[in-house]
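Protein chains: 2
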Amino acid sequence: MDHSITFTTADGSTRSVTVPTGVMLAEAAQRAGVEINQPCGGQGRCGRCAVQVAKGEVRRRSTLRLSAEDVDAGWALACQSVVEGDADILVPEQEKIERRLTTDRTAAEVQVPAGYDYAADQTVRRVTLSLSQPNMDDQTDDWSRLQTALRLQAGIENLTVSLPLLRRIGAVLREGDWTVSAVVDSAGNRLVELEPGHRSPDEPLWGVAIDIGTTTVSVWLVDLVSGQVRAQVAEYNGQIARGEDVISRIIYASKNGGEAEMRSRVLDTINSLVERACKRVKGAEPGQIVKAAISGNSTMIHLLLGIPAASIRLTPFITAINTIPTMNAREVGLVINPEGVVDCLPGVASYVGADITAGVLSSGLDDADNTTLFIDVGTNGEIVLGSREFLVTCACSAGPAFEGAGVLHGMRATGGAIEEVWINGETFEPTCRVIGGGKPSGLCGSGLISLLAEMFLTGVLDKAGNVNLTLPTPRVRQGEHGPEYVVAWGSETEDGRDISITRVDVDNLLRAKAAIYAGFSVLADNVGMPLEMVEQVLVGGSFGKYINVEKAVQIGLLPDIEWNRFQFLGNTSVRGAYLGLLNKDSRQRIDDIAGKMTYIELSADNSFYDAFMSAMFLPHTDMDKFPSVAAALNKP
Amino acid sequence: MDHSITFTTADGSTRSVTVPTGVMLAEAAQRAGVEINQPCGGQGRCGRCAVQVAKGEVRRRSTLRLSAEDVDAGWALACQSVVEGDADILVPEQEKIERRLTTDRTAAEVQVPAGYDYAADQTVRRVTLSLSQPNMDDQTDDWSRLQTALRLQAGIENLTVSLPLLRRIGAVLREGDWTVSAVVDSAGNRLVELEPGHRSPDEPLWGVAIDIGTTTVSVWLVDLVSGQVRAQVAEYNGQIARGEDVISRIIYASKNGGEAEMRSRVLDTINSLVERACKRVKGAEPGQIVKAAISGNSTMIHLLLGIPAASIRLTPFITAINTIPTMNAREVGLVINPEGVVDCLPGVASYVGADITAGVLSSGLDDADNTTLFIDVGTNGEIVLGSREFLVTCACSAGPAFEGAGVLHGMRATGGAIEEVWINGETFEPTCRVIGGGKPSGLCGSGLISLLAEMFLTGVLDKAGNVNLTLPTPRVRQGEHGPEYVVAWGSETEDGRDISITRVDVDNLLRAKAAIYAGFSVLADNVGMPLEMVEQVLVGGSFGKYINVEKAVQIGLLPDIEWNRFQFLGNTSVRGAYLGLLNKDSRQRIDDIAGKMTYIELSADNSFYDAFMSAMFLPHTDMDKFPSVAAALNKP
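These protein sequences, in sequence, are chains U and R. When we follow my numbering, the leftmost residue of the first sequence carries the number 383, and every step to the right adds one. When we follow my numbering, the leftmost residue of the second sequence carries the number 383, and every step to the right adds one.
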């Protein structure tokens, strides 16, 4: 039986759709073209897809995160409510995915790798060819004639060609009066493009380096001839509206039609970024981009290619594929030259993907003389320990607590987020720095780390994370959600509600940081060296850009190593993709890295649980591991 | 400005369409979904797209083949008439493309080549693999796991895989509980199919051999395991409605959108034949066909692949490509397994295509001890002279006269066509055999050859093809189109009109036969041997099946060689495709044939014109070349 569902959105506009009994409200909304965010991927866990039933009824399969009053007032989770009759639905304003991203850059701020030599290093090249004209004494077919010219004039043999390009060859040869420019991919031995006439050897040949982060997608537009990065653009991954972390995305993708939707969402993001990057550079057009190198975690790469990712999430955590064959842009769906070479960099395991192999390359870890720790804490935490001699890696399911999820007043690092906190050790009054400088709306990852450290050092929290309710300040209290510390009073905040951190939040954060620290411990144990002997810590990912190492050490998230041994490298993944895009030796090194990396599955590792439990304290059960924190606590 | 055009078809139904000024009536009809045949490809040459303007006016760019009375009565050529205002158009009944084709066969009437050994000869094979199951100690990705099994259990390495198949692998492995059947193409080193579970080694593995004739498309369904042909089906090429010969087709294809239409027309024909073939064999389904070998002339192969064919028609007659890379069915548009290997056999030149290389293979010419002549007279005439030692070839633009085109009462070899004629040498009265046995409607190719020979032998025609109007019979007369011989009076014919052959028709037929005979002469001259020394004549193509050698020799179409040295092989092209489909050595031989064939371009050959002019007589200027005909003439 069919039912009519009418959605009214925050701007007052309405859209109606007819759906049969049993369809979820979230799907009905999608069919009606009404956007409802599902940050948990439609699992009914986050409560952020709540809508209000104004007329009619729906069957609520779950009301998690809704109070009885909410339900009485008609609230329902769109992803958990089944259509069983006509209904009018009010859709509240959806959280905007705003940007606290690097501003788009056109200037070449990235150094071209020293000694980059297009002719020697690049797999894609453009050659100009002068063909003999056919006549009655030489009726050689066009394709053979072109192949002969490639062989004799450029030493290129046995090229393959796609049917769509083959269809154009005759016209191009004649349009160019038998002088043509061919773009050839020597790695795949494939003809990529054929254009009429002569092209200057200095003319740019365009490529893109792409990093698909779970949260942010970055695109660098690169002139493969000079090696220069000509534009850098970034944007939130369009999949965010269907899940904030990889697990939620996999769940959403595994549902009917979800794979196609996830694929098209990330393709839309990438394609619009490519277009934006090209607009910033005179003469660059998406259709002229002949090569793309793509990095990202294993889930992101699977979803990009439309390969089912369900087995990544389930024991024993298997990817469909780690080493992806080179494809062309047409197959992948990138809106660049349809014959463009698309090189998805190799991953190692379900939770150690191409972002890490690329990151290891760009951080130089695989060429380090000293034992080095490489950390990429994004939505997940991946760790590599190694040097020129060895590489061991693991992934910590830290959860998205440091991205603001699973924390009552957590939020992403956008305008209004508290990004740093200082607490007065006598009055217990906090001072906050807010992104954008306005009134605060919540706490982002760096703010949470800073807050946790300050609470611990000032005694608001004890080692175990308990809130000391006996302190002489109204900021510590028994709140609705248990013991909490109020960071900002309602009078100071954007929406008039107090911003606090609860005991439950602290527990979530402890779990996240303990998972990461336990990862370090397991890796160090595995190679038989104490963590303190690590000579260098390289931090990749946007996370590293904003956190305060001192605070991160104080809560026991990072090992207690001298600060000058930490280096923050920013987005090592996109930089690795850029190096792989430019240089075939670098690209080979990424394969070598993937090949030689030993992956340790923490969930199957006996020592992990102990290490995790020991790290569930501030900063750790074993204070000897954190001498600098011990010293700070003992200061008068 | 837009105009409304209403078409009324023979069945009384009407369809309207709105088109702007300047659109051709033929295109307007197409947009309205009304079928109007254009046998000459829309060149305004054949007059068979004539329609009647009942209301309004059109601008006639050409009225070729329409009389002044026709034009007064509103007749116009749809392909030459421009819309300039509203109009009502009457579309007469369109000629049905009926069949005089081999009936579909299910029984295996084709002998499997002696010694066919699937395991050794076939490039495509199915292997069953048992994979180890992943677990926490072995988290190898699905694709690597499958590759390992292929290497260890079947010795197959470095396979490539398409993205669509890659997407299915994880599900298939799990559905089959880690036992799977893989179909692998060893020639292209590609995974073609992966199915869950174990498959019996005797289970058929399906392939198709396809011959795309200009007139007829043939499909053989083959079990690659046993080598048996399990069904043979054939049908007119759907492109016929847009041109009867290759030149008309190229012209039509070169017009706006024509390429896509030509491609989809022949694909429709092939795909429906494949479906028909599968319906005849229990358990066979198009989706299970994993390999196709396709033969056809160069124009047919270009049009199938959507590759522009315009340069084939224009001096210096260049194909876009002779040696086609192997593709998959998805790219080509064949509705078989989308990953199925599609192997278009190689051609040699614009007018010596894969049908000839395949024909040479299946005729065994390239392995003949004696000098052999191979002729394939279809819509064009291709000739190969050679043996194990050498192969020379040429193409004669004989034109479609022997297919009934360009002859006043010519028609295709369908029901109602006169296929054989005998003339009484005293009364000059003819006796005719009609296909189907009913009243005659016209003359088909074999009928024309027979008629020409009889007219010559009885003196109705002289050596130069002049009609002897002085004979004492009303059948020779000065007709509307010049001197003619009446083969059937209106009282005996299907449509009540006399069926005659005119002096103009005779000239067209002389030109056609002279072109072919001149081709023989040039090849023989080229290798320095008299044509009479040819030890064997192999005739391929459907043409050979119906003609009478004696008659063909009498008109000088075939060389005067003892009849027992002629062999009629039927469709050598589809048989060559079948051999290439089955056996990789045979397939290699086709490449070798293409490589070693010397192509002689007759239009650039100085001796061709002389040879042609000498052959413009019945049977030839030099009667010494036709001793058996000379003897017949001298009989009392």
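Treat the hints with care, as some may be off.
[Said to hold, decoys possible] Per the computed footprint, the stretches of chain R lying under chain U, defined by three or more beta-carbons under 8 Å from a beta-carbon of chain U, are:
id, stretch
1, 694–703
2, 709–718
3, 739–746
4, 957–969
[Stated by the list, open to error] Here are the in silico distance ranges between beta carbons for each label pair:
id, chain 1, residue 1, chain 2, residue 2, range
5, U, S449, R, Q535, 39 to 45 Å
6, R, A986, U, T530, 47 to 53 Å
7, U, P578, R, R947, 37 to 43 Å
8, R, P474, U, L545, 54 to 60 Å
In case anyone wonders, no lab produced these hints; they're calculated from the structure. Fair warning: this is a prediction, and the values are worked out from it, not measured in the lab. Note that the Cβ used here is the ideal one computed from N, Cα and C, for glycine as well.
Do the hints match the structure? See the list:
| no. | hint | verdict |
| --- | --- | --- |
| 1 | 694–703 | holds (count 7) |
| 2 | 709–718 | holds (count 3) |
| 3 | 739–746 | violated (count 0) |
| 4 | 957–969 | violated (count 0) |
| 5 | U:S449 with R:Q535: 39 to 45 Å | violated, 59 Å |
| 6 | R:A986 with U:T530: 47 to 53 Å | violated, 21 Å |
| 7 | U:P578 with R:R947: 37 to 43 Å | violated, 53 Å |
| 8 | R:P474 with U:L545: 54 to 60 Å | violated, 39 Å |
Checked against the numbered hints above, the structure violates hints 3, 4, 5, 6, 7, 8; every other hint is satisfied.
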